[in-house]
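Undergrad: Going down the list, the sequences are from chains A and B. Start counting the first sequence at 1; every next residue gets the next number (our numbering). Start counting the second sequence at 403; every next residue gets the next number (our numbering).
Everything labelled a hint here was simulated from the structure, so no lab data went into it. Worth double-checking, as some hints may not be accurate.
Derived SDA-like pairs: lysine to any residue, alpha-carbon spacing no greater than 25 Å straight-line [to be verified]:
| hint | chain 1 | residue 1 | chain 2 | residue 2 |
| --- | --- | --- | --- | --- |
| 1 | B | Lys461 | A | Glu237 |
| 2 | A | Lys331 | B | Phe503 |
| 3 | A | Lys64 | B | Ser446 |
| 4 | A | Lys60 | B | Asn420 |
| 5 | B | Lys440 | A | Leu63 |
| 6 | A | Lys302 | A | Glu237 |
| 7 | A | Lys331 | B | Val502 |
| 8 | A | Lys2 | B | Phe416 |
| 9 | B | Lys461 | A | Lys60 |
| 10 | A | Lys60 | A | Asn44 |
| 11 | B | Lys440 | A | Thr17 |
| 12 | A | Lys60 | B | Phe503 |
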Amino acid sequence: MKGFLLLSILKMLFVFTVIMVGVALLTLLERKVSAWMQNRHGPNRVGWAGLLQPAADGLKNILKEETYPALATRTLFFLAPAMSFIPALLLSAVIPFAAPLPLDFDFALGQLGRFAWHGAMPMVVADLPIGFLFVLAISSLGVYGVALAGWSSNSKYALLGGLRASAQMISYEVAMGMSLIPVLLLSGNVSFGAIIRDQQAGLWYVLPLFLSFFIFLVSGFAETNRLPFDLPEAESELIAGYHTEYSAMKFSFFFIAEYANVVTVCAMVTTLFFGGWDIPGHWDEQGGVLQTLATGGFFFLKLMFWIFVVMWVRWTLPRFRYDQLMALGWKVLTPLALAYIIVMCVAIYLIEHVAGLTDPTLRSLALFGVNVVIGLLVFGLLDSGVFIRGADRRPAASEVVG
Amino acid sequence: MLQPYIPILLLIAFVVANAILMLGASHLLSTFRRTPTKIAPYESGMPVLGDARERFPIKFYLVAMLFIIFDIETVFMIPWAVAFRQLGDMAGLLIIEMLVFVVILAVGYVYLWKRGALQWD
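With the sequences and hints as input, model every part of the structure.
TA: Structure (C-alpha cells):
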C-alpha cells in the first residue's frame, strides 16, 4: 500500500510537471508554428531562439496588476479561472502514456515504514476502471468556469463570449459522446488500458471506426474553442470573449486551461484511435525498461503530431459563423453519430455472427471495408452542398436577372 | 476495490493547492492602482452604456435543455455498448432494442427540427 502511494505521488508529480511545462512550451510552439506558416520569425529575443519566452510571459503574468471591474461579482469573478483550470489539469490523470513498467522493490525508510512493489506498474496516474467516463464527466465541468467568467465580469463582450462558449461546448459534447459509443462497442470496456490492448490485438481504431474518429476530432476542436470554432473569443467581434476583463494570473489560468484541454483532446485521439502507446509490429510484448521508454516516446510523437495538426488547422480554415456552427453540431454531426452507432452494431453483428470472422485483425479489416463505403457515401453527400452550404449564398452576377 | 481512486483524490488536492498558491502569489505580488477608467467594464473605449445583465436570447436556454436530453440518451447507450460483445448470442436482440430506442429518439429529433428548435438565426 505504501509502495503504491509512493509510486502514485511520483507519477502525479511527473505528469503535473510535464503538463505545466508542456503547456508553457506549447504557447511558444503555437507562435512559432504560426510564424512559420506566415513566413515570419516569431518570438526570437528572449533566450536561445526565443526558448525562454514562456518563462518571461509567466513571470509577467504573476507580477501584473490585477484588475476588478467595479460592476463584477467579486467571488465568482475570482473563482471562475480556478474552475476552468482545475478540471483541465485533472483530465490528464487517466491517460496511459507508456507500456506498464515491471518494478520490484522493497525497502524501509526509518519512521515511514516499508515501501514495497512487485509486478508491472501501469504508466498512468490513476488506472481507473471507468477511465473513459471520468474524462467525459470532468471535461463537462470546464463549462462552469467559462460561463461564470462571462457572467460575473458584467461586461457585454464577456457575457456574449461566455454564452456563446457554453452553448457551443454543450452542443458539441452531444456529438462527442455519441461518436465514442462505437469505440465501446468494439472494445467492450471503458478503461483506457483495455481499449489499447484491444487495438494491439487488431488494428488501430482509426481504420475500423473512421467516422467516429472524424466526428470526435471535429467536436474536439469545438470543445477546446479552437479555430475554426473559436467564436467565444472571436477577437474581431468580441475583443477576447469571456476573459475580456481578466488580467494577471487569472488570465493565465484560462490560457493554461485551454492548452491543457488541447493536450487532453489530442491524447484522447491518440489513445482511442491511434493505439495509445502501442508500436505496431508486436515487438513490444516482452516488457522491460526499454519497452516503457520506447512506447512512451512513441506516444509523445503521436501526441505532438496531433497538437501540430490542431495548430495547422488554425491557419488553414476560416472561422465559422455562429448559425453555421450550431447547424453543424446539431443537424450534421449528431444525426451522423447516431446513425453510425446503428450501422456499426449491425456491421459487427454481421461480421462476427453471420460471417463468423472472430480473428481480431480480420474483423478489423472487414469493418475497415464497411467504413470505406460509408465514408465515401457520407463525404460525397456532405461535399455535394445539399446539407452544408453558405446560408446566404449571394447569386453570382450572371444569375442576377435585370 | 477503491484503491485506484486514491491517486485521483491526491491529484485533486494537489491541483487545488496549486491553483490557490498561484492565484495567491499573483494577488500578493500585484500592485493595485484603481482609477475610475480602469475599473469600468471594457467597451472599446466608449462610455459604458447600462448594465450587461439584460435579457438575452431564449435560444441559449433551449440549447441547454436539448443538451440534457441528448446527453442522457448517450449515458443510456454506454452500458448497452459495453455489454454488446460480451453477451455474444443475444447480440441480435440488443440490436433490435437499440433500434427501438433510436427510433423513439429520432421521432423527437425530427419534431424538434420541424418546430425550428435547431434553427439558429
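Undergrad: Does lysine 60(A) pair with phenylalanine 503(B) here, judged by a C-alpha cut-off of 25 Å?
TA: violated (55 Å)
Undergrad: Please verify whether lysine 60(A) and asparagine 420(B) have alpha carbons no more than 25 Å apart.
TA: holds (18 Å)
Undergrad: If you draw a straight line from the CA of lysine 302(A) to the CA of glutamate 237(A), is it 25 Å or shorter?
TA: Violated: lysine 302(A) and glutamate 237(A) sit about 35 Å apart, past 25 Å.
Undergrad: Lysine 60(A) and asparagine 44(A): Cα distance at most 25 Å?
TA: Roughly 17 Å between the alpha carbons, so the hint for lysine 60(A) and asparagine 44(A) holds.
Undergrad: Quick one, are lysine 440(B) and leucine 63(A) close enough, alpha carbons at most 25 Å?
TA: Given that 25 Å is the threshold and the Cα spacing comes to 17 Å, the pair holds.
Undergrad: Within 25 Å, alpha carbon to alpha carbon, are lysine 331(A) and valine 502(B)?
TA: Given that 25 Å is the threshold and the Cα spacing comes to 21 Å, the pair holds.
Undergrad: Please work out if lysine 331(A) and phenylalanine 503(B) have their alpha carbons no farther apart than 25 Å.
TA: Holds: lysine 331(A) and phenylalanine 503(B) sit about 19 Å apart, inside 25 Å.
Undergrad: Check whether the Cα positions of lysine 2(A) and phenylalanine 416(B) lie no farther apart than 25 Å.
TA: holds (18 Å)
Undergrad: Between lysine 64(A) and serine 446(B), does the CA-CA distance stay at or below 25 Å?
TA: holds (21 Å)
Undergrad: Between lysine 461(B) and glutamate 237(A), is the straight-line Cα distance small enough, at 25 Å or below?
TA: With Cα atoms ~20 Å apart, lysine 461(B) and glutamate 237(A) stay inside 25 Å; holds.
Undergrad: Compare the distance between the alpha carbons of lysine 461(B) and lysine 60(A) with 25 Å, and conclude whether the hinted pair is satisfied.
TA: violated (40 Å)
Undergrad: Does the structure keep lysine 440(B) and threonine 17(A) at a Cα separation of 25 Å or less?
TA: Status violated; Cα separation ~35 Å.
Of the numbered hints listed earlier, those contradicted by the structure are 6, 9, 11 and 12.
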